[in-house]
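Assemble the complex: chain A is given as a structure, and chain B must be docked to it using the hints.
Chains as they are written, first to last, in our numbering: chain A, 1 to 111; chain B, 112 to 225.
The set of hints was computed from the structure by calculation and includes no laboratory data.
No residue lacks a Cβ here, since even glycine has one placed at the ideal position from N, Cα and C.
Hints should not be assumed to be uniformly reliable.
What the hints assert, rightly or not - Using C-beta positions, here's what the derived DEER-type ranges look like:
hint, chain 1, residue 1, chain 2, residue 2, range
1, A, GLY59, B, MET126, 26 to 34 Å
2, A, THR68, B, PRO192, 43 to 51 Å
3, A, GLY16, B, SER207, 35 to 43 Å
4, A, PRO8, B, THR223, 23 to 31 Å
5, B, ARG120, A, PRO81, 23 to 31 Å
6, A, SER26, B, VAL225, 38 to 46 Å
7, A, PHE12, B, GLY139, 35 to 43 Å
Stated by the list, open to error - In silico negatives: residues of chain B with every beta carbon more than 12 Å from chain A:
hint, residue
8, GLN117
9, GLU155
10, GLN191
11, CYS203
12, ARG206
13, SER218
14, GLY219
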Amino acid sequence: GQQLNQSPQSMFIQEGEDVSMNCTSSSIFNTWLWYKQDPGEGPVLLIALYKAGELTSNGRLTAQFGITRKDSFLNISASIPSDVGIYFCAGLAGANSKLTFGKGITLSVRP
Amino acid sequence: DAGVIQSPRHEVTEMGQEVTLRCKPISGHDYLFWYRQTMMRGLELLIYFNNNVPIDDSGMPEDRFSAKMPNASFSTLKIQPSEPRDSAVYFCASRSVGAHYGYTFGSGTRLTVV
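Pulled out of the complex, with its shape left as it was, chain A reads as follows:
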């Protein structure tokens, strides 16, 4: 089946640093989504991408839909302590298909 690969499993950065996360797949997706999960809560949608090559920002977050449609990245600039959490990428192959989720990257930010 379709799989999304996120690595590493955990990332540790210093407050104020930028961080970039990749998500790759062997399959093509038509929509890429990035979610963040805070401890004890469900994932919350951060950014949605609909076209190959699209670059979208949401505050300090920037995400891009890869040209090959098989990858995406998320960049967080000037990290702050509340950026800690699990970041999931997700892909949708078609309008009526299921979302496929990566296993997530746990981000820790040292003050």
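Just chain B now, with coordinates in the frame of chain A:
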């Protein structure tokens, strides 16, 4: 909008007991999904409904798991009998076919089977 509402938030039960998890999707959303999250396996899709009809239950681990959606505003996930390996966080999510196709998740039910 109150979002996707799940209950209970936490459930502790003994092995062999029946467990029922509840979900109220966002009004107007026509898709409802049940996920299970564990450290080892991440987010796993168990089953999803479209307009109250189960579309794909291939992720349901075994016959001990069942899900229903009697109307557009309510769904249940039942485990009978429960086992310790069912311990996980169970999420409900809903979606409407809109501009971004994103799912809205509830806050989850943390299930512990002892």
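Hints numbered earlier in the text: which of these fail when held up against the supplied structure? Going through the list in order, the structure violates hints 1, 8, 9, 11, 12, 13, 14 and respects the others.
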